[in-house]
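Visitor: Using the sequences and the hints given, assemble the complete structure.
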Amino acid sequence: MKPMVAVGLAGGIIAAAAVVIVLMTQGDPDTAGAVKTGNSEVVATPVSNEPASLFQPPSEQDLPDDEFGRIVKLGRDIFEQTQRYAGPYVGKTNLRCASCHLDAGRLAHSSPLWAAYVSYPAYRSKNKHVNTFPERLQGCFAYSMNGKAPPLGDPVLVALESYSYWLASGAPVNSNMPGRGYPAVPKPPLPRDFERGQRVYEQHCALCHGTDGAGQQDANGQPAFPALWGEKSFNWGAGMGNIKNAAGFIKANMPLGLGGSLSDQQAWDVATFMNSHERPQDPRFKGSIAATRAQYHDSSDVMYGQTVNGQLLGQGTP
Amino acid sequence: MSTITTQDGTQISNKDSFNGEMTATRPGPVFVASLSLALAAMTSLALADGAAISLNGNTRGALACTTCHGAQGEGIPASGFPRLAGLDAGYLRTQLDDFALGRRANAIMTPIASALNDDEREAVARYYAGLRGSASMATPVPERHSPGARLANRGRWPQGLPACIQCHGAMGAGVGASFPALAGQSAIYLENQLHAWQQGMRAPGPLGLMKRVADKLSAADIKAVATYFSALPPSHPTPRSKP
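Chains A and B are the protein sequences, given in the same order. The opening residue of the first sequence carries number 1 in the numbering used here; numbering runs sequentially from there. The opening residue of the second sequence carries number 319 in the numbering used here; numbering runs sequentially from there.
In case anyone wonders, no lab produced these hints; they're calculated from the structure. It cannot be assumed that every hint is accurate.
No farther apart than 25 Å at their CA atoms in a straight line, the calculated lysine to any residue pairs in the SDA-like style are these [unchecked claim]:
no., chain 1, residue 1, chain 2, residue 2
1, A, Lys-187, A, Leu-258
2, A, Lys-73, B, Pro-465
3, B, Lys-534, A, Gln-203
4, A, Lys-148, A, Ile-71
5, B, Lys-534, A, Gly-260
6, A, Lys-244, B, Lys-534
7, B, Lys-534, A, Gly-259
8, B, Lys-529, A, Gln-217
9, A, Lys-126, A, Gly-139
10, B, Lys-534, A, Leu-256
11, B, Lys-529, A, Ala-206
12, A, Lys-126, A, Lys-187
13, A, Lys-92, A, Ala-206
14, A, Lys-73, B, Lys-529
15, A, Lys-187, A, Lys-73
16, A, Lys-73, B, Lys-534
Covered by chain A, per the in silico footprint, the following chain B stretches (three or more residues, Cβ under 8 Å) [claimed, not checked]:
no., segment
17, 430-444
18, 483-496
Predicted, not measured: the structure shown is a model, and the values here were computed from it. In this text, a Cβ means the ideal position worked out from N, Cα and C, and glycines have one as well.
Guide: Laid out in structure tokens, this is it:
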């Protein structure tokens, strides 16, 4: 018996080592399963952000050619060209829905619509009640688009809800779908820092968003790159104004096409830099910056009401 | 003329911050040479005449631009000579500098750009930025689901490939000095550039973005997307974009 045990152990060690190598070199969830090694079992945890494990929304070519399909397409158009198709509800911003929800709301880790749609109704601490999906959409207009919420039942909300529902075709009702929202970026080794963030910004972000953070237009005067702060950006009530959220979006998706290229430290630092600039007032303003901070922004991840370089943030833009 | 020197200096330092590789490899003597050219330019009273250079070249060996780029900067699409009319002046200027400094390899353009001094490059870049080119020969825009249209307008995000228009503007109109207009450009030229990035014949561009993009495209993708943009009507931007 003894020689056989030794062989089994040795085989087990080799097999375990092989699993580790597979995980290190490929990280492929399809190859990482339960592997029997003697009497013990090495269970590899699937990597949740691998494309194969993420929900795939349907292709636009498969849209039905009927009234429903027409409204879904309208929703997509609103999503991509928000100013043009939902102008009355959009503020002075040069943002579009697709500025933060890349690939027209399809991309995992960029707050995809298919994951959001199957997460509502849900209680939100932001407004302390159960929100329906259309109500959640209203928040995007009020804060991220710095505009005003379309009334419930408005054709704009119906179209956006239809588009989201269609993108979620085949998805389970599940508020924790892999790829939902923006990924959590681990706390960096050093405390996050404005000046380091500024250097990251100048090297990796200013090319598109401009040294003044105002974004850029194309040669025809259409919005191209969104404003990251200032009067044309999202207001202080938007989710992206939270440094944690912004760090997640940036780490996963920025610069465009080079997602994942910044370190965790760089993502936190540059998110801190971005959100340490003035932007339009929170529409829930309580009459004083201190009161508004106490009510809505009492978090170390929000710079509203904090002083940066001698400037009290939260005054809003003209 | 001191403004030109200043602008030039600013452009170089901008490029430095966006592209460390290029900074590291830039030969010192060239910088000194361009500095002395800039000093020489300060002594002349007027900016060189871009229109005259385009028609006649100069006496130091630069050939007339019109030979290959057409009378109005419309290019010769079938031969892959690019349209210059209406492209951003800063972008055109950077390309001339890149040809002269070897960051962009091209047997025809390298000697021509090298024979133009700073002042002349700036003048000729501004001249072409201000042209509208001849009337568009645009063919009907391909429908939204053609493979080229999809790459142009949607990219291929599951592969991390952004849509072309996300940086080059809606309808490929161009954005600033770093993201040139693609609409109405010669399809052959666009194909050649994407292949040049794949093969390392053209500097990878700001943040190395275009090299990364090109490496994710197949030959068929390149053909499709180049054909798509070539069929769009060229935009007519204002002569000088905001820096």
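Visitor: Now look at each hint and say whether the structure bears it out.
Guide: Now for the hints, and whether the structure bears them out:
no., hint, result
1, Lys-187/A with Leu-258/A, "21 Å, holds"
2, Lys-73/A with Pro-465/B, "19 Å, holds"
3, Lys-534/B with Gln-203/A, "24 Å, holds"
4, Lys-148/A with Ile-71/A, "22 Å, holds"
5, Lys-534/B with Gly-260/A, "17 Å, holds"
6, Lys-244/A with Lys-534/B, "31 Å, violated"
7, Lys-534/B with Gly-259/A, "14 Å, holds"
8, Lys-529/B with Gln-217/A, "24 Å, holds"
9, Lys-126/A with Gly-139/A, "10 Å, holds"
10, Lys-534/B with Leu-256/A, "14 Å, holds"
11, Lys-529/B with Ala-206/A, "19 Å, holds"
12, Lys-126/A with Lys-187/A, "23 Å, holds"
13, Lys-92/A with Ala-206/A, "21 Å, holds"
14, Lys-73/A with Lys-529/B, "33 Å, violated"
15, Lys-187/A with Lys-73/A, "40 Å, violated"
16, Lys-73/A with Lys-534/B, "28 Å, violated"
17, 430-444, "violated (count 0)"
18, 483-496, "holds (count 11)"
Violated hints, listed in ascending order, are 6, 14, 15, 16 and 17; each of the other numbered hints is respected by the structure.
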